[in-house]
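Residue numbers (our numbering), protein chains in the order written: chain A, 1 to 252; chain B, 1 to 252.
Incorrect hints may have been included.
One copy or two, either will do: identical chains are not told apart, so a pair holds if it fits within one copy or between any two.
Under the rule of at most 30 Å between Cα atoms (straight-line distance), these lysine-lysine pairs were calculated in the BS3-like manner [as the list claims (entries may be wrong)]:
#: 1; residue 1: K157; residue 2: K82
#: 2; residue 1: K92; residue 2: K82
#: 3; residue 1: K157; residue 2: K196
#: 4; residue 1: K157; residue 2: K92
#: 5; residue 1: K92; residue 2: K196
#: 6; residue 1: K196; residue 2: K82
These are calculated hints, taken from the structure and not from any lab test.
Protein chains: 2
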Amino acid sequence: MNTNDRALSIRTFVRKLQAMTDELLTSAVKDAAGTTVHADGRRLRGDASRRVILAAAGDLASVEGLDQVSIGRIAQAAGLSKSNVATLFGSKERLQLATVEAARERFIETVIEPARAHPRGLARTLALLDRWIGYSRDRVFAGGCFFAAAAADFDAKPGEVRDAVAAMLREWGRYLAATLQHAHDLGELPELDDAKQAAFEFSALLELANRDSLLTGRNSSYRRARAGIASRLRAAGADAAAIDAFGAVSDG
Amino acid sequence: MNTNDRALSIRTFVRKLQAMTDELLTSAVKDAAGTTVHADGRRLRGDASRRVILAAAGDLASVEGLDQVSIGRIAQAAGLSKSNVATLFGSKERLQLATVEAARERFIETVIEPARAHPRGLARTLALLDRWIGYSRDRVFAGGCFFAAAAADFDAKPGEVRDAVAAMLREWGRYLAATLQHAHDLGELPELDDAKQAAFEFSALLELANRDSLLTGRNSSYRRARAGIASRLRAAGADAAAIDAFGAVSDG
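Just chain A, same shape as in the assembly (with noise of 0.2 Å):
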């Protein structure tokens, strides 16, 4: 695994933002020529600037740490001016609550949307565990999973920013105990007595092979987190075809 590899973290984070500069011109050179003509044409670029500015700072905060994203500094890694950045976003803290907000919807994209086209239950449960690995894995933001980064630089630090960082983690926390909760109540996981407490544990096993992966540049965490997953839910009972599938997959 090379991606930890600060030069091609940069690599990555550059591309992107290459990706989404190119995006941008292309919607400013479109409204420039004509071609594309918007009610309301100034706001539309706003959006892609906002766009283009909240993925560079998602992907900053993952690597450096949210309290890296400044105005000035995402100005820099953007290439816009700083008065652009600060009419678009008003303060350092705005700019940061923006970022957890994007990064939020970032989440849902890739991690429980794809888990919904499951149907209710264990098979769901594990579609969400399963595409939580991919979203550490696969480096959705550079530095690993953005909240975790968040959590770490703000959760001795109180304020908005902290407040929206543990909204969302608690958020996600329900989410996963309701998804066990349904598992249960349809008899898939007759033995599981506490779904906050699965939960809780799913959480702390993600989160330390979403670490031990950026610390060590190996994916065998993820087989631990999979495995330890995996006894808890035959624990309760699960069904041992589905449970046996989903500890087997290589996270290479």
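Please build the complex by placing chain B on the supplied structure of chain A, with the hints as guidance.
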């Protein structure tokens, strides 16, 4: 739990700094007054400065991130001149590496040594886990577990500092696994099939509890970590009374 409150964290931090500065001044005054004669007085004063600086650096790193530990920032925090700090540590990276090493020593004093007072096997394993929870809950470092914070800060930044943090976490994981293995070998965890896997799972639970406690200002996650560990140890065949006692401890 109010220790999460920023003002309180800073107060704790300043109080510790004050105590250490007093210690440093006392030692300097003793030297100046000639009441204490040292073979190498300069070296001794350097050691006292180092202690003050590294304690300040450990707290700052746990709250703001190890990346914020720089010669200038620490000189300011410790009320010393930049050149003084630079003379002792040389570079930002050397200072960060010394901070990791000092934090490792503090962890050993707080968690490992007290557990070693208990007999090898299950008793020592439970003491170790219990001390870890105390180390996080009592904010031995102002911003919770130093290594969790440092790992989150450096996991995506290859280099000597990341390697030092990773080495310390590996060392802890190995020690916990060896302790579990001893308990197994003594017949106290007869069903334990994979000590390394159990050590991974326990670390995951402890670290998520640490983060949740910091993030929410509540200690209920320590109860979840205890419950998860207790259920795993019970499944491994541990003595029920010992596990019940461990699981029943209230973390306030």
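(Q) For a quick check of understanding: which of the numbered hints are violated here, in increasing order? (A) 5 and 6
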